[in-house]
Amino acid sequence: MPKVLIADDEPHIRLLLEQTLEDLEDEGLEIFTAENGAEALESIKENKPDMVFLDVMMPKMNGFEVCSEVKNNLKIPDIYIVLLTAKGQEIDKLKGMESGADMYMTKPFNPDDIVKKVREIL
Amino acid sequence: MNAENNIEKESAGISAYIKRVLNHEFDSLSEISGITNSELAESIMSLASEYRNSLIRTEDYVKSLAEEKNKAAQTQKVYGAMLNNSSVGITLVRERHFVIVNKKMAEMFGYDSPDELIGKLSRICYRSDRDFQEIGRSAYSTVRAGLEYKVEYIAKRKDGSEFWCLLSGKSVNPEETDNADSVWIFQDIDERKRQESQSSVIISSLSDALFVVNLHKKISSYNFAFLSMFGFNEKELGRDLSFLFDEKINELINKVFLNRDINKKTIYADEIELSGSRICKATATSMYLDIENSLSKDDYAADAFAGVVVTVRDITKEKEVDMMKTDFISTVSHELRTPLTSILGFANIISKKFKDSVYPVLNLEDKKIKKTADQIESNLGIIISEGQRLTSLINDVLDIAKMEAGKVEWKDERFTSMYAIEHAVLATSSLFQEKKLGIVTDIEDGLPDIYADKDRFIQVIINFLSNAVKFTSYGDITVGAKSFRDSVLISVLDKGAGISKENLTKVFEKFKQVGDTLTDKPKGTGLGLPICKQIVEHYGGKIWAESEIGEGSTFYFTAPLYKEQSSSTHIKDFIEQIKNSAPPALGYGGTSKKILIVDDDGNIRKLLKQELEYAGYITDEASDGLDALNKIKRKKYDLVILDVMMPGLSGFDVAKVLKNSPETMNIPIIILSVVEDKETGFKIGVEKYLIKGVEYPQLLNEVDGLLNKRVSK
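Just so you know, the sequences run in chain order V and P.
If you count the first sequence from 1, position 46 lands on 46 in the numbering used here, and the numbers rise without skipping.
If you count the second sequence from 1, position 19 lands on 19 in the numbering used here, and the numbers rise without skipping.
If we strip away everything but chain V, and leave its shape as in the complex, we get:
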């Protein structure tokens, strides 16, 4: 059972992503959500998702920190992490790569792209 974690402090964005991946849910995808960085980290440890969508600006722990924690400290190598952000600056992309993220997407994003990427990875 492929698993996906959606972490964003905005409820609308969580809902949006959930709805975007609805069809995949019908195909057997399990979707988890988290409201902040700490929750996201807990969820990753507990549910071990295959793919994570992490918003960058989140309370408790931001996306970079969660990503870095997962990739460097927890050493769960097989998680595909996508950092989502409304910040489009170069420095942020670099930060994203440095924290170990597999992909960096800016908002607004194209829902088709999300679906395609999830299908691709999982």
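Among these hints, one or two may not hold up.
Claimed, not checked - In silico BS3-like links for lysine-lysine, alpha-carbon gap of 27 Å or less: (1) K635/P <-> K117/V; (2) K636/P <-> K48/V; (3) K71/V <-> K636/P.
Hints in this document: simulated from the structure, not taken from any laboratory.
Fit chain P to the given chain V structure using the hints.
Relative to the frame of chain V, chain P by itself:
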């Protein structure tokens, strides 16, 4: 002398003898034993000549004595003149009393003549007993050891007035312990001291910290601001620099020392952190002796280097403001984009769901229902397109805000005009295709390379091209590059509607769009050209447009050229060049895309490989269908370019297999074949079907499009 003695002796002997002869001491001549007249005459003769010679010698001697005496007198005259025309006070002191005093000394101290000082105790030149004794103590212990003593002290004149004096002295003959003579030189340095105190007042009142490091790498001067900024105690300042400062400041100082012969006018600067989270800017520069005082004719002779001057300024506030600007732009960006994400996202989902699940089950026979349904679809479309337009607008506004705040990171690198134009054309080719317009490039040969931020530079050309397309209905658009004064001139020419004279300058203003606002709906953000203007002007270039209504328009801008730079930047450029020669493919996260080229013709594979690799993709080759499938099984490819006519499995067979298996169905396939059977191809589900002989830019564009699904702005 001996001659004279001899003569005396001999002449005494002769007179004695003659006396005896006259005294009849000899009875007969024969008694004068053996002496005949001639013998006597002979001896007298030889004596006389000896006497004469010795007289001559004596004369010469007296002459040379006289000459020496003259010379000595001359020398003494000269020494006397030197002594008395000297601009410094010169004295010979014995047991602390003046023995010799020159004119200047008397003058300096306000005496009418040196005689007033000769024989006096040197105490009269000091203002206090204490000074006299302390200086005397250290002075005499120094000179007795054979060394030169120097001191700056406050001297006293005859009239009691005081002045700053530089006193230096040495013992005359230190080896002779019983000769305690010493020479003392007095110099009036009052003027210099006054100037120094003036500049030190200026330095003292600076609010920035200032200190000087001398040739011994110790702090030789500093101001109050320096003490308070660093929290030092005056006493500590004699310590080694490595104890006083952290790495960064020491590095700066060392850099100046190292480069003092090479880069004499260079200022080295760095940001440093002080206690209390203060951020300061430290600048270090080399200090040279006054040109007039230096020995060499060079402006800044190496031996005139006197040390390092360092100033430190507290820029914590500026940094804060800077950070606020960055935060503001980031936050605004985030705040605006978040709700927009929801709007676009949900609109897309609604649209999809409506199309897939609702529309099919509606009773479309009912005209009203059909009308409503179509309206709903169309309205959703409007929400989505306006949402996208809003996104572009936000991006552009933020772009221009960033540029105006100086917050844009310019990644300058070296590249050719050809490269930039080609990429811009590639990015806009779909716009051209949509309107069925042609594009022509006219690039001069041998143009110098450009040095600028590649993406931004290409952004300008893309903007020009999109505008050209926007306002042209038919014909070709020409992109050109040519040499222009000392830069490169890029131009985009169209045969479109043209721009009126009044609007020609307005087009570069923010939010001004050309066209009747009532009839021509403004497309785009109105910020494209102002952003281009910011970019061009950032590099000191010019941007302008020429046009005639109905004839078309040409937009121009001048580009910054690559210039040879010093060795350190050479390395940076070199790295940029290496990076540049294999530009990264456009893709998320910068990871290059992997493409599998399948064709039984080795030459074709080679050509395709070259083109794709130059565009930054990673490629693999397969010579037939089976090989291709095996490769795909083992490695994950982002795209497959498939020939049809191959031995064994044909391209269509391979495509069928790929499209029917879930792991590979999403890999985009481009059929590239001489065979024109698009129907079969699309039935199988290939994404694109191209005929061999297609131009490479178009092929690359298709590849790009499939891999990124990004349309140019």
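Against the structure, the hints come out as follows:
1. With a C-alpha separation of about 17 Å, the suggested pairing of K635/P with K117/V holds against the 27 Å cut-off.
2. Simply put, K636/P and K48/V have alpha-carbon atoms about 24 Å apart, close enough for the 27 Å limit, and the pair holds.
3. Restraint check for K71/V and K636/P: the C-alpha separation of about 22 Å stays at or below 27 Å, so the hint holds.
In summary, the structure agrees with every hint in the numbered list given earlier.
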